[in-house]
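If you read the sequences in order, they're chains S and Z. Read in order, the letters of the first sequence are residues 1 to 365 in UniProt numbering. Read in order, the letters of the second sequence are residues 1 to 197 in UniProt numbering.
Don't read these hints as lab results, they were simulated from the structure. It cannot be assumed that every hint is accurate.
[Claimed, not checked] Stretch by stretch, here's where chain Z covers chain S in the computed footprint (C-beta under 8 Å, at least three residues): (1) 4-18; (2) 22-32.
[Said to hold, decoys possible] Short, incomplete list of chain S residues facing chain Z, as computed with Cβ under 8 Å: (3) Gly106; (4) Gln107; (5) Leu110; (6) Arg285.
These numbers were taken from a predicted model, which means no experiment stands behind them. Heads up, the beta-carbon is just placed ideally off N, CA and C, and yes, glycines get one too.
The lines below spell out each chain.
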Amino acid sequence: MDEMDAVRSLWAGTPEGSAKDLATARASLLRTCQSTPERQEQPRPSPRRRLFGRMWRRGLPRLATAAGLAGAVAAAVLVHQGNLMGPATPANAKELFALAAAATEGQPDLRPRPDQYVRTSSLVAAGLMMRRSDGQWAEALQVRREERWVPAEAGLPMLQREETLSTSPADKDRPLPAHITKALSKREGVVEDILYSTSCKDAPDATLSFLRLHTWPTEVEALSQRVRAVAARRPSPAHTRLWATLSELIRLSAARPSLTGALYQVAAGVDGVTLVRDAVDVAGRVGVAAAFDDGEGTRYELIFDRETYRYLGEREVPTGDRAPRGPAREVPRTQSPSGSAVMGVEVVDRLPKLSADASRMTIPC
Amino acid sequence: MADLATALELSDAELVHRSWREPEAFAVLFDRHAPRLHRYATRRLGRDAAEDVVSETFLVAFQHRERFDLGYTDARPWLYGIASNVIGKRLREEIARYRAHARAPDPTEISYEPDGDSPGLLALNRPLVTMLAKLRSGDRDVLLLIAWGELTYEEVAQALDIPLGTVRSRLNRARKKARHALEGTPMLSVMDEDCDG
C-alpha cells in the first residue's frame, strides 16, 4: 500500500448519499428550476472564447477603468452582438448603467394592439415580523409569484394575481409560532385574483402606470426633468426620492426597453450610487448591481445579468449601519433581503380564467 | 420535463444544454452525480455538512449553467470544482474534523466512522489525517479530488482551473507529506511554489 492507497482508505466505507440524504437538496434545486424561466438558445462557446476567456476576464477591469464610460458602452455593444470573448466587468455603477443602456438597444418595445394585454410575471420576497408566545420576535420570509395583466388601453379590466409559494423562518434558530405557520402554510399554492375595472379615460394610478409610460420621453434630458418632477411629489425622504422613482420606473418599463435604456442613463447621474459585484435576486440569479444606501440601514439594489446586462430585479438589503430616523418602532425591522425579480414580460390576447373566489374592484375616477 | 426517458440517456453536456430551455432537466444531472458528490463531501466535512455542500454546489451550478463548456461531455470536473469552492468556505470546519479524528482516543468518538477504522488501521490513519489538516488547501483539494473524487489529473486541472503542471506539483508535494507521515518522519518545511507548465 503506497501513500495514495492509504489516503484512499480514509473513510473509504462512507456510502454514497441516499435518496433520503439528498431529498432536501433535490427539492431545493427543483424549486429553483421551476421558478426559473426558460432561456433563449445560446451558441456553443467558440474556440476563441475558450482561448481568450481567462485573459479577458483578468485584463478588462483595468482597460474599462482607463477607457471610461465611452469605452464601456463600446464593450457592451461587443457583448451584445456576439459575447465571444466573455463579459465586460464594469468598474463602477456609471459603467454598469452605460452597459445596461447599451444592452437595451437591440431589444424592441412590446407593441400590443388596443385589445391586448401586457402580462408581467415576477417573484417577490418579503420579510414578515411576528411575535411569539415567549415575547420574542421571529421573522418569516415569504416568497410569492405575482402576475399582472395590464390592458394596452384604458377601458379594459386589469388583473392582479398572487400566489404564495413558501413561508419559512428567516432564522432557523428562531422558529415561527406554530399556529401562524399552520395558517400561512394553508395559503401556499392558493391563487388570489383581484380584477380591477374602471370607466376612466386614463389609466388609474395616474403617475406610474404601464398604460401611461408610452407618453414618457426617451430623450435623456427631457426624461430627467420629468422623473425629477415626479420624484419631488413623493412623500419619501428628499434624499431617496429620485432613486425610488427611478427604481419604480425601471421595474414598470420592462415592456418598453427604449424607455428603460434612457432611465439607466438618468440613473447614471444619481450621486452616491455604488457597484455591488455579487448581488443575488429573489429568484437566486447572481448578478451585478447598482446600489443606493439610504444612510438609514437599507441598501437598495438594481440587479443586472452579469453577461447580458439585462435587468433582473431589485432588492432591499438591511445593512444595519444606522437606526432609522423618527420614533422608535414597536415592531423591529426585518433583517431578510426583500425585493422582486422579473421572470417574464409578454403580450397576450386575453385575461386568463379567474380563480373561483376572485375579488372584483371598481376604481373610481 | 417532457421526456424523462430521453433525458436519462443524454450526456452531461447535453443535459446542461437542454436545461437552458428546460430548467428541470438539471434535476437529471443531480440524480446522476449528487450521490457520489455527497460521499465526497461527507469524507471531507462529515455527514451533517454534506447535504448543504451538495445543495449549494448544484444551486450554484444551475445558476451558472451557461458557463459550462459544452465541449466537455462529463460535468463531474465542473461540479467538483464548484464543490471545492463550497468546501473551501468551510475550511475551519474541515480542519477541525481532521484534528478531532486525530485526537480521538477511541473510534467511537468520531461521529461518522470509516468502516476501515479497526484499531490497527486507525493507528495507521491518524498520522495521515493529521497530515491532511496541515496541508495547504490547494494541495489538499488536488490530493482529495484524485484520491476520493476519483478525478484524473486533467479533470482536476479543469475542476480547479489550474495548469496540469500545477496539479502535478501540488500532488507531488502532498504525496511527499503523506509518505513522511506514514513513515513517522518529521515533515519537511513548506515546499517550493507551484511549478506551472
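Hint by hint, here is what the structure shows:
1. 4-18: holds (count 14)
2. 22-32: holds (count 8)
3. Gly106: Constraint on S/Gly106 not satisfied, violated at 18 Å.
4. Gln107: For S/Gln107, the interface hint is violated, since the closest Cβ of chain Z sits about 19 Å away, which is over 8 Å.
5. Leu110: It is violated, given that the least Cβ distance between S/Leu110 and chain Z is near 22 Å, above 8 Å.
6. Arg285: Nearest chain Z Cβ about 6 Å off; hint holds.
The structure is inconsistent with the numbered hints 3, 4, 5, although it conforms to all the rest.
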